[in-house]
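Chains as they are written, first to last, in full-length UniProt numbering: chain V, 1 to 845; chain X, 1 to 251; chain Y, 1 to 323.
Misleading hints may appear alongside valid ones.
[Said to hold, decoys possible] EDC-like cross-link-like pairs, simulated, lysine to aspartate or glutamate; straight-line CA separation at most 16 Å: (1) V:210 to V:96; (2) X:146 to Y:290; (3) V:376 to V:440; (4) X:146 to Y:246; (5) X:146 to X:169; (6) Y:277 to X:222; (7) X:198 to V:300; (8) Y:109 to X:222; (9) V:137 to V:174; (10) V:192 to Y:191; (11) X:16 to V:282; (12) X:16 to V:288; (13) Y:109 to X:136; (14) X:198 to V:304; (15) V:192 to V:181; (16) X:198 to V:301; (17) X:16 to V:287; (18) X:146 to Y:191; (19) V:843 to V:523; (20) X:198 to V:624; (21) X:23 to Y:97.
Honestly, the hints are just simulated from the structure, not real lab data.
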Amino acid sequence: MSRTDFPSTTGTVVIGAGIVGSSLVGELAERGREDILLIDKGPLSDPGGSTGHASNFIFPVEHSKDMTKITSDSRDIYREFGVFTNSGGIELARTEERMEELKRRVVSAKAFGEDAELLTPEEVEELVPYVNTDIIKGGFHSTDAGTCDPLRAGELYRQQAEEKNALRTAPNTEVTDLHVEDGEITAVETDKGTVEADEVVIAAGLWSPKIADMAGVDIPLTPAVHQMVSVGPVERFEEGPEGEINYPVVRDMDTQMYERQHGNDIEVGSYEHRPILWDVEDVPSIEESPLSPTQPPLTEDAFEKSMEHALEIIPDVLDDPDAGIRHSIDGLLSVTPDGHPLLGPIPEVDGLWSCAAIWIKEAPAIAREVSKWMTKGHPDIDIVAHDHIARFDEYGETDEFVKSRAHEGFQKIYDIVHPREQWQSTRPLRTSAFYNRQEDLDAEFFEAGGWERPRWFESNADLVDKYEDQIEDLQRPNEWDSRWWSDIILGEHLHLRNNAGMIGDTGFGIFDIIGSDAYENMERLCVASMDIDVGDAAYTPILAPNAGFVADLTVARLGKNHYRVITGGAHAGQDRTWFGNHLEGDAELIGRSSELCTLGVWGPNAEALMDSISEEPMTADSFDFAEMKEVTINGVTAKALRISYVGEFGWEIYAPMDRGQRLWDTIYEAGQEHNIRPVGTGVYGETGRMEKGYRLMGAELEIDYNPAEAGLTFHGVKDADFIGKDAYAEAIDEENTATLCTLSVTDHAPDGGEPRFMTGGEPILDQDGEVLIDDEGRRSYVTSAGTGPSIGKHLLLSYLPQEYAEEGQELQVEYFGQHYPVEVEVAGNGGVFDPENDRLFRKEY
Amino acid sequence: MEILTAIKRVPETGAKVSLTDDKLDIDTTSLGFTFSPHEECAVEEGVQLVEEHGGNVTVLTLGEEDATEQLRSAIAMGADDGMLLDGGDDEWGPAATATAVAEAVEASDTDFDLLLFGNESADAANHQVGVRVAEELGLPCVTGIKDLDVGEGVATAKREIPGGSEVYEVDLPAVVTVKEGLNEPRYPSMRAKMQARKASVEQTEPEPREDDLELVELEVPETDDSPAEIIGESPEAAEEVVDVLEELEVV
Amino acid sequence: MVLTLVEYDEEGLDDVSLQALTLARDVAEQADESLEAIAFGAGAADVAGEAGNHGVETLHAVEDDALDDYAPEAYGRAVVQCAEEVGTEAVIGPGTDRGAETLAHAASKLDVTMAAEVTDVEVGDSYELTRQRWGGTLIEHSRLSAETNLLTVAANEVSVSATGGDAAAVEAFAPDVQEGDLRVQLTAVEESDVEGVPLGEARVVVSGGRGTDGDFSELEALVENVPNAALGSSRAAVNEGWRPHDDQIGQTGAKIAPEIYIPCGISGAVQHMVGCKGAENILAINTDPEAAIIQKADWAVIADLHEVAPAIADELEARGHSE
């Protein structure tokens with residue numbers, strides 16, 4: 001496209017014509033976008049980004065339902081384009097620890113519907129005869145893994161869009177500025193001209209932060225090196241059948257490397273080397289690059305260990321006398337602070353989207369889901385909970401944070417990552433007013449949304465002895481099960497249920513909606529009625545048009561035109577963005593997260609304690625459930641809301657951050673008489689919640705299941721219109737296909753030996769060992785797992801097909817290859833502990 | 001047979017070169033380093049000759065300490081020993097370089113039968129280091145060689161000229177400067193590459209001497225990037241092409 | 001006095017020597033010195049007329065039967081002796097293999113540094129040079145301040161101009177060549193078994209790169225149809241094993257100077273372009289309108305070379321040009 005052809009106006013601009021941008025234009029055209037302009041500074045079909053040097057293999061099995069689905073969908077799209085080769089893939093274990101991890105892989109494959117099997121070293125050799133089986137314990141065979149051609153797929157996607165007359169393409173066109181007016185994207189400036197646009201997507205891979213900066217926003221990712229060399233010609237491949245790949249891709253997991261045939265060559269890639277992070281400003285231009293901007297030369301000293309390891313695992317091909325290193329690069333790719341992509345609407349600028357930090361193996365399906373998000377308001381696979389760019393909103397966008405987390409995360413790419421594993425770098429970042437006091441009590445901090453939250457307190461270690469009789473059978477002897485866990489949590493739990501506990505800060509995302517149209521907006525966004533009295537609060541789901549979950553949160557009405565939204569810290573950014581993007585008329589969103597701290601006080605003694613220190617009465621009689629009132633405690637004015645996520649009587653108290661420490665001290669000191677203990681979020685988020693069957697956003701609550709299936713229909717269908725109403729009403733009317741149930745493990749060591757405790761993500765099986773699948777094809781797996789010390793059981797939440805969703809139903813769960821008997825405790829909403837909610841609603845102890 | 005090959009560490013550049021602020025060097029922030037195709041052929045030739053006749057290949061460079069990386073690359077190709085003349089960060093002129101190399105050869109315990117150089121360096125290209133080393137050591141020298149045949153105490157070397165080649169006979173020991181095309185340099189195997197990283201490299205610090213040629217500054221030439229006149233977008237453009245050829249009177 | 005080393009063949013002084021003379025004359029004029037030349041071989045005196053036409057006042061014709069065949073070290077020795085005898089402030093040579101080699105020997109014997117690939121000289125207390133680095137990718141400004149300044153002129157960078165002067169006076173020069181100086185001497189010249197016009201001498205050069213996908217048949221056929229045409233290739237095509245290295249045009253291959261260069265399916269990497277910058281005109285054939293070569297060319301055909309090349313051959317035949 002020459003300068004004269006460059007359009008002056010268009011509907012949608014997609015910046016970046018790698019596999020992501022190309023897939024996106026194809027998928028947007030498929031969904032009816034008619035006026036798309038695709039811009040890239042490089043030529044086609046390989047514009048010089050990471051797409052051009054990727055190793056292009058697809059291993060579909062992940063320890064996450066959504067990522068497994070995204071990857072397998074992408075594979076299917078590549079297959080439809082005829083650019084997928086089903087080579088299979090094998091992950092090797094050199095250690096027993098890795099062999100255990102591979103068992104866990106098989107379990108995840110089963111849970112999320114991929115074929116996989118464990119291999120003995122001999123079976124590995126049969127499939128890949130050049131692997132040195134002397135040094136391996138076995139392998140994990142992903143039979144449906146393979147390789148793809150993303151450049152060709154990109155071409156075909158663009159062709160599709162062009163055939164619909166929906167796409168114009170401007171290669172060799174460099175974006176020089178983004179125009180933003182009144183918080184809205186208006187135009188894209190390039191070296192070929194300026195184009196006005198309603199909607200702009202940044203799909204520029206590792207250059208995305210640079211483009212985002214032109215609009216004054218952040219896309220928190222950093223270019224990082226992934227080293228790769230290509231060795232050939234290998235005689236074995238030359239003599240073998242024709243074709244790009246005839247042997248399964250091998251991942252040598254313990255050395256964080258992979259080896260794959262590519263024609264007559266073997267490609268050896270590594271994530272083992274020290275993290276080498278780049279500044280996007282240092283990435284050379286196409287003209288300055290000998291190969292391409294994302295293929296700087298190999299940093300040889302960093303690759304030394306990888307060469308040793310490659311020679312250990314595939315000496316036969318690497319020592320082929322004719323084979324030499326023909327190509328070697330420090331391939332640049334995008335790494336984010338948590339390893340997940342950065343997707344969705346960018347909170348600060350309307351009409352500006354991010355579609356960045358995406359692997360080849362997931363690009364087409366992510367593009368498809370983002371295109372749905374752009375065209376109908378939500379994706380069908382839940383990429384919102386973990387991949388929404390807004391998750392770093394307000395805290396995770398600095399260079400220091402991005403670089404340190406990327407440095408840390410790079411080393412986890414092939415590592416065995418525990419589901420509860422915590423980040424270590426750039427901490428503490430967000431601390432509440434209670435932080436110093438908690439640290440004095442030897443709190444073990446976990447992080448959520450950047451906030452430091454005590455998971456448990458080492459100072460409560462005495463509770464383990466105190467409650468030994470009750471928790472003896474629930475202690476976790478296995479190292480994996482007890483990793484990032486402490487039995488102290490069980491003690492804290494029982495102490496709270498028996499006396500009182502104080503939990504703070506829970507790291508909530510808090511924002512206010514203010515304006516003369518606040519009520520109308522809130523009514524339109526929430527399932528629960530927002531026609532509540534000033535001073536009252538309501539728990540409410542927030543739904544997408546298909547009645548999938550966008551959020552669940554608490555809303556309090558502080559004034560006629562003033563609502564306060566309180567939501568989980570990890571989803572604060574997503575929820576703010578959803579609200580922000582959907583506000584109409586006179587309604588403004590004001591963030592409060594950093595100015596308010598939250599302290600929960602719950603348990604049988606909470607009433608006596610709080611009433612003794614508050615100037616206003618704080619009793620069951622004076623405070624209705626879900627009522628929010630201003631209270632004054634020892635000179636600190638705060639708002640108290642009678643609510644609980646642990647099923648006990650008590651309050652969440654929101655105080656100004658600058659007076660938080662005084663509030664903590666007052667309650668802590670006065671509480672000694674009432675036997676109060678600070679307890680961690682292990683109780684709040686796991687043991688207490690699980691006993692009550694409370695659902696968690698991103699685990700139980702997600703786009704795949706509707707509120708009826710989640711058991712959250714107690715609001716009924718209000719008269720007022722709200723987003724998702726029709727689908728919601730329909731879901732209530734219809735018979736559920738599946739229902740969320742609470743199950744308990746009835747035998748932790750059916751074959752004797754060490755009792756085991758599931759962590760979540762495991763498949764639920766029938767008595768014959770088959771995974772339960774509902775009529776919509778959804779597989780049953782554990783969405784959350786946690787111990788219930790008050791009832792003496794280890795509890796699991798899982799959606800079960802309707803025919804299995806009944807109390808007393810006996811089933812099995814698979815964990816590390818073993819089957820364990822489980823039983824349905826509660827079908828649908830409700831707690832295993834205090835099912836009538838006497839403690840919570842009526843304060844009956 | 002004892003062979004010395006000399007190489008020079010140079011950046012691997014793309015189509016566009018950026019200069020440092022003082023304009024005395026290429027900005028290599030995002031660039032890698034290599035040695036030139038001529039010199040790759042020199043190393044390959046040395047390795048092949050030793051494979052055939054036995055002996056050792058010593059690879060030598062004068063440059064900054066990081067040039068060890070290029071010595072290791074040559075060792076990975078099959079050279080046996082590396083020798084770094086640590087010249088610091090400054091670029092040495094051709095006379096100073098030749099003197100340092102000649103002194104290193106004289107100081108060496110090895111009596112070299114053949115000294116292989118690239119015909120000219122990839123960067124400075126002053127076309128004389130090999131010749132000067134020969135002069136200083138009193139050795140015969142042939143340059144620009146694309147075909148080399150080493151026999152007993154004598155080498156036959158050929159230099160390409162339009163329509164054929166010149167043939168020179170030269171007694172060993174001798175200096176031969178070579179051009180790309182002499183042979184097909186091998187890609188080092190991974191094992192050789194790994195072992196080369198562990199090879200020890202002899203290091204000396206030569207005394208610099210004055211050179212008559214002093215760099216003032218570098219300049220990136222302006223290129224005429226006005227696009228060509230598109231005279232056709234299909235095979236029918238053959239007519240226009242022949243019009244051009246007729247106009248130039250070359251047909 | 002400025003002394004210029006010149007080379008010649010049966011047709012007279014070669015192009016690069018004329019270029020060297022043109023630059024040397026500029027140096028001589030700036031220094032207000034006379035321009036003289038030195039030539040080896042039996043026919044040296046025959047180029048006096050042409051040398052004079054390019055400003056040479058005196059031509060030193062080396063008279064020594066032993067030096068009829070090229071011998072680099074002996075030539076270097078002779079240049080040094082001539083320079084010393086006539087008292088020159090500079091020796092300037094052509095940027096050819098022999099030119100560079102001879103002056104390198106001379107520079108070493110004089111213990112001065114030679115500057116190669118020079119394109120311009122500003123004479124002052126020292127010589128402010130403009131010379132090429134990286135095959136011309138970069139320009140170097142440097143200062144040469146030797147007792148005698150030795151330099152070679154980059155090939156095909158200086159536009160030759162004549163003065164119309166009278167034939168140069170021929171002075172025989174008999175060097176005192178020592179036995180050892182003849183250790184290396186041209187023993188034979190082998191004709192290439194490749195037929196056709198040498199790349200460096202062709203008026204038309206057609207070349208192919210990666211875009212040929214290894215099929216050079218149409219390009220070969222086209223070259224056969226054009227008089228004085230030669231076939232070349234890019235480094236990529238040589239690396240793929242599609243063409244011999246002798247065909248390679250570029251920084252480490254042949255430098256060409258045809259009247260028209262027709263690169264087909266060649267992207268136009270800078271390392272290639274420095275080999276063809278001597279071309280007077282470039283007509284590129286490429287399917288990619290964004291390829292770098294299009295920016296460098298005078299004319300372009302955006303189409304598949306496998307279709308265009310046969311069409312050109314047909315058109316040549318139709319107009320009666322084909323051989």
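Next pair to validate is residue 137 of chain V with residue 174 of chain V; report whether the Cα-Cα distance is within 16 Å. Distance of about 51 Å is beyond 16 Å: violated.
Does the alpha-carbon distance linking residue 16 of chain X and residue 282 of chain V stay inside the 16 Å limit? Within the cut-off at roughly 15 Å; holds.
Given the proposed pairing of residue 146 of chain X with residue 191 of chain Y, does the C-alpha separation stay at or below 16 Å? Holds: residue 146 of chain X and residue 191 of chain Y sit about 15 Å apart, inside 16 Å.
Given hint residue 624 of chain V paired with residue 198 of chain X - CA-CA distance at most 16 Å: 75 Å, violated
Straight-line Cα separation of residue 109 of chain Y and residue 222 of chain X no greater than 16 Å? Between residue 109 of chain Y and residue 222 of chain X the Cα gap is close to 38 Å, so the pair fails against 16 Å, i.e. violated.
Do the alpha carbons of residue 843 of chain V and residue 523 of chain V lie within 16 Å of each other, as the hint requires? Judged against 16 Å, a Cα distance of about 31 Å means the pair is violated.
If you draw a straight line from the CA of residue 192 of chain V to the CA of residue 181 of chain V, is it 16 Å or shorter? 22 Å, violated
Below or equal to 16 Å on CA atoms is what counts here, so check residue 198 of chain X against residue 304 of chain V. 10 Å, holds
Agreement of residue 198 of chain X and residue 300 of chain V with the hint, judged by alpha carbon distance not exceeding 16 Å: The given pair, whose Cα atoms are some 12 Å apart, holds under the 16 Å limit.
Given the hinted pair residue 146 of chain X and residue 169 of chain X, is their alpha-carbon gap at most 16 Å? 14 Å, holds
Distance restraint between residue 277 of chain Y and residue 222 of chain X, which requires alpha-carbon spacing of 16 Å or less: 13 Å, holds
Given pair status - residue 301 of chain V, residue 198 of chain X, alpha carbons within 16 Å: Holds, because 11 Å separates the two Cα atoms, which is no more than 16 Å.
Hints 1, 2, 3, 8, 9, 10, 15, 19, 20, 21 from the earlier list are contradicted by this structure; the remaining hints agree with it.
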